[in-house]
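> Put chain B on the given structure of chain A with help from the hints.
Line by line, the protein sequences are chains A and B.
The working numbering applies: residue 634 is where the first sequence begins, and numbers increase by one.
The working numbering applies: residue 71 is where the second sequence begins, and numbers increase by one.
Hints should not be assumed to be uniformly reliable.
[Stated by the list, open to error] EDC-like mimics (lysine to aspartate or glutamate), calculated; alpha carbons at most 16 Å apart, straight line:
hint, chain 1, residue 1, chain 2, residue 2
1, B, K141, B, E124
2, B, K73, A, E677
3, B, K169, A, D719
4, A, K644, A, D719
[To be verified] Between beta-carbon pairs, the in silico distance windows are:
hint, chain 1, residue 1, chain 2, residue 2, range
5, A, E647, B, L132, 37 to 47 Å
6, A, S691, B, P110, 27 to 37 Å
7, B, T96, A, Q674, 10 to 20 Å
8, B, N82, A, R717, 31 to 41 Å
9, B, K129, A, K648, 42 to 52 Å
10, A, K711, B, V115, 22 to 32 Å
Just so you know, these hints were derived from the structure itself, not from any lab.
None of these values were measured; they are calculated from a predicted model.
Here a beta-carbon is modelled for each residue, glycine too, at the ideal position from N, C-alpha and C.
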Amino acid sequence: GAGVSQTPSNKVTEKGKYVELRCDPISGHTALYWYRQSLGQGPEFLIYFQGTGAADDSGLPNDRFFAVRPEGSVSTLKIQRTERGDSAVYLCASSLEPTGELFFGEGSRLTVL
Amino acid sequence: SQKIEQNSEALNIQEGKTATLTCNYTNYSPAYLQWYRQDPGRGPVFLLLIRENEKEKRKERLKVTFDTTLKQSLFHITASQPADSATYLCALGHSSASKIIFGSGTRLSIRP
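Isolated chain A (complex conformation) (with noise of 0.2 Å):
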């Protein structure tokens, strides 16, 4: 697709449960971000890739997440044992270079009952 992918675009779990979250990027983007965003309050930077390394993990609030990208183009963000306070829209972005536009996809709604 022309755009950055994100799946599922909605998830339902329980506290406790592992959860995986997916973003295709816009192929030839060597940037990719994420970013957690609850209603009312902008993007929450959480991690930054430079190819397939991370470059930027700063804002991962705790072990329990964790993000991969093996070959520089797909990225996973995988929360462990998730707790009720996890639940936002987890933004996942893309740019040509690290000081371009971020190209964001619509999102994967996550909701820990």
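Below, chain B without anything else, positioned relative to chain A:
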């Protein structure tokens, strides 16, 4: 800690007037600043980028200023239209290998 502040209250503007949104930052020296538009239930959409050595950028009805002394950016929409109603986010980046952080956004409503 780094902090980005945008107009906390929603902004209500009469159609045809100029809307001005503010982005202030502290404890940060950004190399560039970006503005995004976000509609309900959608991802943000890029509007403009301005670098630290630029004072002003324009694109159609949009104008952005960047004052590194005041640590402030102003975002203007001239001849505003109801279709401009959305949340507007400012975002800051420090260098070519750093994260981009966002403000909390300002909700703008343009009434006919």
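> Next step is simple, just say for each hint if it's right about the structure.
Here's how the hints hold up against the structure:
no. : hint                           : verdict
1   : B:K141 with B:E124             : 13 Å, holds
2   : B:K73 with A:E677              : 12 Å, holds
3   : B:K169 with A:D719             : 21 Å, violated
4   : A:K644 with A:D719             : 12 Å, holds
5   : A:E647 with B:L132: 37 to 47 Å : 45 Å, holds
6   : A:S691 with B:P110: 27 to 37 Å : 29 Å, holds
7   : B:T96 with A:Q674: 10 to 20 Å  : 18 Å, holds
8   : B:N82 with A:R717: 31 to 41 Å  : 34 Å, holds
9   : B:K129 with A:K648: 42 to 52 Å : 46 Å, holds
10  : A:K711 with B:V115: 22 to 32 Å : 27 Å, holds
Comparing the model with each earlier hint shows a violation of hint 3 alone; every other hint is respected.
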